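There are 2 protein chains.
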Amino acid sequence: MTHTRIKELLNSTEYGREVIVKGWIKTFRNNQFLALNDGSCLSNIQVVVDFESTDESILKRLTTGAAVAISGTFIASLGKGQRVEVKAHQITILGDSDPEKFPLQPKKHSLEFLREIAHLRFRTNTFNAVFKVRNALSFAIHRFFNEKGFVLIHTPIITGSDAEGAGEMFKVTTLDFDKIPQNEDGSINFKEDFFGKPTNLTVSGQLEGELAALAFGNIYTFGPTFRAENSNTTRHLAEFWMIEPEMAFYELKDNMDLAEELLKYVIRYALDNCTEEIEFLKNRLLEEEKSKPQNDRSALDLVDKLNFCLDNDFERLTYTEAIDILKHSKPNQKKQFKYIIEDWGADLQSEHERYLVEKHFKKPVILTDYPAAIKAFYMRMNEPDQQGRKTVAAMDILFPGIGEIVGGAQREERYDLLTQRMTEMHIPTEEMEWFLDTRRFGSVPHAGFGLGFERLVLFVTGMTNIRDVIPFPRTPKNAEF
Amino acid sequence: MTHTRIKELLNSTEYGREVIVKGWIKTFRNNQFLALNDGSCLSNIQVVVDFESTDESILKRLTTGAAVAISGTFIASLGKGQRVEVKAHQITILGDSDPEKFPLQPKKHSLEFLREIAHLRFRTNTFNAVFKVRNALSFAIHRFFNEKGFVLIHTPIITGSDAEGAGEMFKVTTLDFDKIPQNEDGSINFKEDFFGKPTNLTVSGQLEGELAALAFGNIYTFGPTFRAENSNTTRHLAEFWMIEPEMAFYELKDNMDLAEELLKYVIRYALDNCTEEIEFLKNRLLEEEKSKPQNDRSALDLVDKLNFCLDNDFERLTYTEAIDILKHSKPNQKKQFKYIIEDWGADLQSEHERYLVEKHFKKPVILTDYPAAIKAFYMRMNEPDQQGRKTVAAMDILFPGIGEIVGGAQREERYDLLTQRMTEMHIPTEEMEWFLDTRRFGSVPHAGFGLGFERLVLFVTGMTNIRDVIPFPRTPKNAEF
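Protein chains in written order, with my numbering: chain A, 3 to 483; chain B, 3 to 483.
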């Protein structure tokens with residue numbers, strides 16, 4: 003007889019049948035009630051042990067964290083607190099767990115402590131819920147794009163191109179650090195390296211994605227990206243996952259519409275498919291916020307916050323309009339911002355984004371048409387405004403508690419304007435001939451954006467540290483497991 | 003009015019309506035018939051241009067590769083060769099394509115040439131078909147595991163663990179090659195590196211996957227993996243994608259059943275959802291094989307080969323049985339194998355695998371229970387056979403034309419046997435304490451496997467060089483784009 007997963011039993015009414023369940027012991031009360039979990043869902047099944055007929059040596063081994071196989075009868079529970087239970091006939095210990103040594107005892111552990119034992123934290127309720135939601139969001143993203151006929155493109159992780167300048171890069175090499183080969187002039191002889199030239203870990207699949215979009219129309223990437231930046235914050239990782247759709251024949255408005263539709267689709271999918279997990283995470287957050295001053299607590303609970311996102315249009319406004327709001331805002335006038343907004347052209351800081359989203363509009367915001375000077379070379383140049391100020395057709399989506407979750411733009415499809423901008427920004431066009439070819443041969447208006455996957459998971463799970471929504475976070479001085 | 007994708011029009015019967023189509027010109031015949039493609043499907047739509055009412059300067063710019071927007075009437079075609087067409091009223095050139103310079107002219111290009119212009123090869127029929135199939139296979143994999151309640155785990159790409167020994171690794175670093183920091187004793191001071199220690203690109207997510215499986219029950223990974231090996235073959239890449247499911251409470255037979263079910267599911271999905279693409283690839287292969295001697299041609303065409311896989315159980319046999327077959331085989335006795343099979347214990351070479359699959363059984367084969375000496379430390383030790391020979395509960399799936407497409411095993415869940423094996427194989431247990439914890443606390447029988455994604459795509463597309471099924475292949479001395 004094969005074993006039945008606990009999720010199935012908890013939804014079953016086929017009482018009286020003989021079953022085998024396998025899983026890990028969460029608790030064992032009164033020498034009688036085992037709470038058993040097999041990871042298939044958050045809830046445990048209760049197993050009733052007849053301690054009189056069970057060997058003393060077995061009873062002793064029914065400790066938190068131990069793995070067991072139970073043969074028994076599946077019945078409606080007579081006790082309170084659970085609908086069904088398994089009356090055990092036979093208990094087999096699969097793997098012991100020494101209660102003196104197992105770090106996950108049935109009590110509250112801090113998230114900091116659990117991060118140190120990231121290899122075991124999967125077994126806690128919180129991380130079971132977080133990674134189930136992460137899984138659901140990932141699937142929802144693939145389903146969304148599949149329904150729309152987008153083609154998934156696996157853009158390269160190791161790249162010989164470092165022209166995008168999106169951030170500091172990790173080097174990839176097989177050179178021996180003890181004897182780095184040199185050319186006669188003392189420079190490094192990269193001919194001896196694996197790829198015959200310097201290579202790095204990708205910071206974005208966008209440029210390669212554009213190549214594919216200008217053939218397939220609509221494409222998306224979903225892969226890991228890297229930043230070698232010394233940012234030790236709750237919102238930054240050195241290794242994180244991004245989703246980067248790129249669409250031929252899309253202009254800025256189409257781009258915004260798609261991004262908003264995607265975000266709503268995947269949030270709704272998580273609400274529909276992870277009801278138990280999100281309910282658990284809602285209560286976890288309420289509990290966590292009890293220790294905070296009233297003012298710092300969320301106005302909405304997690305479920306309400308997610309529903310609020312679904313029920314409201316994201317606020318769309320230009321950078322110029324945003325600057326106007328910020329300049330006249332209370333925290334700016336009272337000099338409560340760390341960076342006071344004085345002039346058009348200023349880069350927005352996290353405090354400004356949060357003010358717009360959390361205080362002013364109280365909902366997700368899409369900011370568009372940023373000053374050209376603070377945005378990347380590949381964004382499409384707008385007509386200068388009446389005051390002659392240059393902006394690009396960029397759009398960033400800002401979420402409450404998260405800040406920027408999506409960054410995108412209509413791309414500069416005009417060869418002359420693109421190369422002129424690259425020259426101005428000191429980007430070597432000769433290394434980017436392959437990219438420029440898309441503007442030489444059948445160039446079309448197109449647009450795309452990048453969605454930071456971990457930031458999305460942060461938002462939907464209500465967790466507050468990005469290290470807690472990826473299995474094994476990579477941050478400065480930390481690459482454990 | 004927004005534009006309509008060509009795939010939709012080709013399936014439509016709503017004649018007489020006004021439409022806008024946008025895409026790239028494949029050909030322009032007789033100053034009258036445009037074949038237009040927007041990447042949404044392999045087929046082009048025919049656009050009929052009224053050359054008398056069209057400006058000469060526009061007509062001249064209707065060249066292969068140019069991008070256009072067409073306003074026109076969608077009608078049933080009167081001509082032969084197409085069911086529907088668009089009668090153009092207005093033609094807008096979106097992006098020119100100089101016929102003197104555009105490398106993709108409407109003629110047959112070699113795959114080698116197209117590899118050099120990988121940024122443009124997406125626009126050919128062959129690569130449109132290949133990457134559509136790749137996309138469908140990827141989605142099918144996610145759907146398969148989602149339906150079964152598996153949890154996707156993103157295992158780390160940058161790893162501080164190099165213990166698995168699955169192959170040569172790429173180093174990841176932010177150290178300055180011009181001045182590698184040294185300790186007083188002359189060794190490299192990795193404290194100055196980004197992660198404070200040496201790090202590499204992952205060769206497999208399996209070990210981290212096991213951690214998650216021993217909490218969630220059933221998990222899978224789908225991510226890039228790396229080998230810094232100097233293999234310039236048609237089956238090896240330095241960067242490739244792997245799917246690695248890992249299942250608690252699974253034994254070897256469950257593992258084989260799941261792998262066979264997965265492979266059949268995704269092949270069926272591709273046949274059902276990429277009918278046009280696979281038909282095209284079938285004909286491409288038939289064409290390619292015309293230049294080969296009769297004996298080297300495939301016995302079955304691509305579609306028949308895929309269906310054959312679906313209709314037959316994979317042949318399952320032990321390594322020991324396979325050695326017996328190979329020893330007595332004609333090529334072994336006639337010394338036609340490069341590596342003659344003499345004794346039990348020999349590692350199987352590609353020629354042996356191909357003989358078993360392509361000549362002896364003529365179908366996919368699952369080989370099990372390999373000699374312990376030639377397999378990894380984490381595979382579960384079987385009871386020694388009657389002659390005292392030690393084997394492990396491994397399984398490899400071999401496919402015609404591909405060789406090993408899946409490698410898997412039941413894992414060694416017994417702490418003592420595992421650590422003993424690690425010591426024998428000189429794997430430092432102290433660096434693997436996190437992995438050993440899974441055997442200390444609630445260890446359970448479990449199993450898993452790795453599926454090489456590009457090899458799967460090779461098989462389903464009938465392509466013969468692995469560089470042609472990944473957008474931008476990374477191989478020794480090659481990291482272009």
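Keep in mind that the hints were calculated from the coordinates and are not lab data. Be a bit skeptical, because a hint or two may be false.
As the list makes no split between identical chains, a pair holds if one copy fits it or if it spans any two.
Said to hold, decoys possible - With a cut-off of at most 35 Å between alpha-carbon atoms, the simulated DSBU-like pairs for lysine-lysine come out as follows:
1. LYS9 to LYS266
2. LYS82 to LYS377
3. LYS181 to LYS377
4. LYS392 to LYS329
5. LYS89 to LYS292
6. LYS336 to LYS28
7. LYS89 to LYS255
As the structure is a computational prediction, the values presented were derived from the model and not from experiment.
Each hint, compared with the structure:
1. For a Cα distance limit of 35 Å, the shortest separation of LYS9 from LYS266 qualifies both inside one copy, at 27 Å, and across copies, at 26 Å.
2. When the C-alpha separation of LYS82 and LYS377 is checked against a cutoff of 35 Å, the pair qualifies neither within a copy, at 60 Å, nor between copies, at 51 Å.
3. When the C-alpha separation of LYS181 and LYS377 is checked against a cutoff of 35 Å, the pair qualifies only between copies, where the shortest distance is 33 Å, while the shortest distance within a copy is 40 Å.
4. For the identical chains of this complex, LYS392 and LYS329 are intra-copy neighbours only, at 20 Å inside a copy versus 76 Å across copies, given an alpha-carbon limit of 35 Å.
5. Taking the shortest Cα distances, LYS89 and LYS292 never come within 35 Å of each other, neither inside one copy (39 Å) nor across copies (67 Å).
6. Proximity of LYS336 and LYS28 under a CA criterion of 35 Å is satisfied in neither setting, with 53 Å inside one chain copy and 62 Å between copies.
7. Proximity of LYS89 and LYS255 under a CA criterion of 35 Å is satisfied inter-copy only: 29 Å between copies versus 60 Å inside one chain copy.
Hint violations for this structure: numbers 2, 5 and 6, all remaining hints satisfied.
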